[in-house]
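Take these sequences, add in the hints, and give me the full structure.
Each protein sequence line maps, in turn, to chains X and P. Letter 118 of the first sequence, counting from 1, is numbered 117 in numbering that gives the first Met the number 0, and no numbers are missing. Letter 423 of the second sequence, counting from 1, is numbered 422 in numbering that gives the first Met the number 0, and no numbers are missing.
What the hints contain is simulated information worked out from the structure, not anything from laboratory work. Values in this document were obtained by computation on a predicted structure and should not be read as measured data. Among the clues, some could well be false.
[Unchecked claim] Only pairs whose alpha carbons sit at most 27 Å apart, straight line, appear in this in silico DSSO-like list of lysine-lysine:
no., chain 1, residue 1, chain 2, residue 2
1, P, K411, X, K5
2, P, K84, P, K15
3, X, K91, P, K411
4, P, K419, X, K89
5, P, K200, P, K512
6, P, K584, P, K559
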Amino acid sequence: MKLNLKIWRQEDAQDKGGFQKYTVDGIDGDMSFLEMLDVLNNTLVEEGVDPIEFDHDCREGICGSCSLQINGEPHGPDRRVTTCQLHMRKFKDGDDIVIEPFRATAFPVIKDLVIDRSAFDRIQHAGGYISVNTSGNTQDANSIPIEKDNADDSFYAATCIGCGACVAACKNASAMLFTAAKVSQFALLPQGEVEAHERVLSMVDQMDKEGFGNCTNTGACEIECPKGISLENIARMNREYLGASFSG
Amino acid sequence: MTVLDSKVPEGPIEKKWTKHKNEINLVNPANKRNIDIIVVGTGLAGGSSAATLAELGYNVKTFCFQDSPRRAHSIAAQGGINASKNYQGDGDSDYRLFYDTVKGGDYRSREGNVYRLAEVSSNIIDQCVAQGVPFAREYGGLLDNRSFGGVLVSRTFYAKGQTGQQLLLGAYSAMNRQINRGKIQSFNRHEMMDLVLVDGKARGIIARDLVTGEIERHSAHAVVLASGGYGNVFYLSTNAMGSNVMAAWRAHKKGAFFANPCFTQIHPTCIPVSGDLQSKLTLMSESLRNDGRIWVPKHIKDAEAIREGKLKPTELSEEDRDYYLERRYPAFGNLVPRDVASRAAKERCDEGYGVNRTGQAVYLDFKAAIERYGKEKAFTSGHKNPGEEEIIKLGEEVVESKYGNLFEMYEKITDQNPYKTPMMIFPAVHYTMGGLWVDYNLMTTIPGCYATGEANFSDHGANRLGASALMQGLADGYFVLPYTIGDYLADDIRTGRISTDTEEFEKAEKEVKERVQKLFDAKGKNPVDYYHKKLGKIMWDKCGMSRNGKDLKEALEEIKELRDDFWANVRVTGKQGTKNAELEKAGRVADFLELGELFAKDALERNESCGGHFREEYQTEDGEALRDDENYRFVSAWEYVGNPRDAKLHKEELIFENIELKTRSYK
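And the structure:
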C-alpha cells in the first residue's frame, strides 16, 4: 500500500520544528509501523536526506522505548499495543497518517520524534525501591507467604513499561498513572510496606517538581496505556498519599 | 599458543567458592570510597553489579545507550529464572542444577564457574523477593515453579511471560536507590566507543554522548563490561535493535581474548520470518513447550496442501500428524534443549514438511493442553461431566492465565488466534554463549577489565539451557563480581583518582574521532542497513544452524569483501554533533563486520559438533551432534593481532572432575 505521511521534524530542543510531508510505497500489512518508518528512512538516506529520528529498541513491546503520537493517539489507533507492535494491516492504501512526538512540557523534544523522558527516571530515583542490600542473607523467599491476588495486582502494576503514553494521552499531561503504578507495586507487597509512607510522599513530590499536570480523572491514560495499567492504581496512590500525609 | 589459567581454586567443587571468598583480598569500606568503577551496560548483569558495588561503597558510573537503564534488553526475557530451591520437592539440588547446565552446554563450560552459579542461584530468588519482584505465586501464597528444556525437575521461577522485565526492574530499583544516594552516576544515551589502557591496565573508556555527539573521557580503577551478546551479527535475531558488540569488540582489540565466538544459540520457538523488510524476530517463550506440542504433517502431500492454503492444520487428524520431538526423544519430548529442538525443526522443514508459505515453519499446538486443563478445572469446580464447549472455555482460561501476554503478542504480530489454530514457529538467533574470555574472578585477559552476563563466555558451554541467562546475569552481578573485583582493587587503594588528562586518553579519543570521521568520509551510496542485511544473510546461510568447512571458508572471504565495500561505499547521513541514529548503527555494523569473520574462523577450526555448533561433517548416523573430547575439550580464546582471520588461538583445557563426559542423550 501507499501512504501519505505528515511527520514532525525538529533539529533540536531549541528549534521550533514543523511538519514535513512524505509518501511511502510498497508497504505490506504484516510490517510493523516502525518497519514502515525504516523503509522511509532508507529511501531518505539514499536521497542524501537526514532520516527521521525516533526511539525504538526491543521491537516486541516491552522495553518502552518507542513512543509516537499517531493520528492524535499515543501508539496509534490499535488498543493495548506499543508502536512497534502496531501493524500496518490497521491502515489502508492511500491513508493519511500524522506522526508527532509525545507532547508534554516534562518531555522536551531532543530531535524529530525523540523525546527526553528522564523525568520518569527521576521520579523513581526519589523512592521507587525497597531499601534492601544485596547480601545473600535475606530471608528465604517463601518465608512470607503473599496472598495470590495481591501478588497478581502488584505484578500487573509492575508491568508498566514507562513509555509515557499516559502523559501524552492526558489533556493535563499528568504522570499519575505511571507514578501510581510504581507506588502500587510496592504498596501491595509486605516487603514494600515498611517504607510505604515515605515512598509515596517522595515520589509524588518529585512528580510535581517535574512539571507534570494534575489528574482530573478523565481516564484517557488507562484507555491509551499499551499495558492496560488500571486506574485503580491512582485511587490506591491517593489513599496511600492521604494516609501518609496524616500520619506525617 | 599459550595455555590459559582459569584460576579456579583447588579443592572439592562444593567448597571452592567459599574457600575462594575466604582467601581473596578485601578492600576496607573507607578505601572503597576512593575507588571508581565503570559499568558498561545496565541489563541484569550490569544493573545488579552497579547497584551492589555502590552499596559496598565504591563510586560507580554506569553507561547505557538506551534512554533509561530500565530499557536494556534483559527486559525482554520471557520465561523464567532457574534456582535450585527444591520448593517442589522433586529432588532438585545445587548438584543437579550444575549437572544439567554442564550437560546442557554439551560439556564445553567450566565446571568451577557453573557450580558456583548453581550455588548462588537460591540467593538470587531470596534477594529478588526482598526487593519486591512479584513472582508468580500459588493460592497458598508460596512461589510457583515451572519446567524448562533439558531438565527433569521444576525449578524455574517466573512472572507470567515477563520475568526478565520484573527482574530488571528489580535491579533498576536497586540502582535507583544508589543513584538517589549519589553513589551511582548514570550516563544514559551514551555509547562506549573504546577502552583506555594505562600501563596495561583498564583505566577508563571513551564514550559518545548520543544526544550531543560529544566524545567524552571517563576514568576509573576498573571497567566492567556487561554489554550483552552479539546475536545481531545475524541482522535478524530476537535481540533488540540496538544490541551490539562494540564494547566487547573494542576490549578485544585492546587485548581481551574472545572465547568461542561460534557458540550461538538458535532458539526453536520464534515467530517465523514474514517478509524481506522485517527488522527483527520475536521469541515465543520456551515455557510454552511445557504445554504446547510441536508437530508437522506426517505426509508431504498434506504439508503441500497446507502451504497452498487448501488445508487447515485443525482439519488434520491425530494419525496424520508427526509429533517429531516426542517421536525422536521420548524421555524429554517437547522439552529437549534448544539446540536439539531447533535442528529437529530445520530437519523436518528441509525435508519438505514446513507449514507456512515459505516452508520454514512448524506448529506449536495447545489443543491438547486446553482440553487437559479444561477437564481438570471443570472437575475441581464440581462439574464431573462437563460438555466439550465448557471444557474448551475453561481450558482456554487456564492457558490464558499462564501465557496470556505471549498469546496476545502472537496474535498482534501474525493476526491469527493461537487459542483456535496452532501457532507457527521457527528457530531464530537468540543468545550467544561465546564472549570475552574471563577467569574465575570474571576478569578478562586485560587486568582490571571484567566481563559479566552474556558478554562473557564461561557458564553455558556450547548451548544454554532455558531460564539460565537471567540466573547468570544476576549471579555475576549480585553475588560474584562485587567480591572478586576486590581482590584486584586491593592493590589500588593508594592509586588515587585516575586522570583523564594523559597521553593514553588523548590517543584513544583521537582514534575514536578519526574512526567516526572515516565513516562519514566514505560518502558512498548504500545505507548502513544494506550492509547489515548482507552480513546477516552470509551468517545465517553459512554460519547458522548447521555449518560445513566449505561454506565457512566462503563466509570468511565474503565477509572480508563486504567489510571492504562497507568502508568504501557506506553512506552515513547527518552530523557528528547531534543525535544521529545512522552514525550509531554504522559504528556497530563496522564491528559486526569484523566479529563475523572471527566467528567463521572459530567455527571452521572447531572440527567437531557440540551444542549449538553443528558441523555437518561431524554427526552420528541418526543426525545427532558428534563431539570430539579427545581433540576439542578446550575453550578457544582468540587474541587479536590485526585482521580477525589472523587471530591467534589460545586454549583453556576443560577439566571435568565432577561430571563424567558422556554423549549427551535426551532420548
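* To do: Would you list, in rising numerical order, the hints stated earlier that this structure does not obey?
  => Nothing - there is no hint that the structure violates, so all of them hold.
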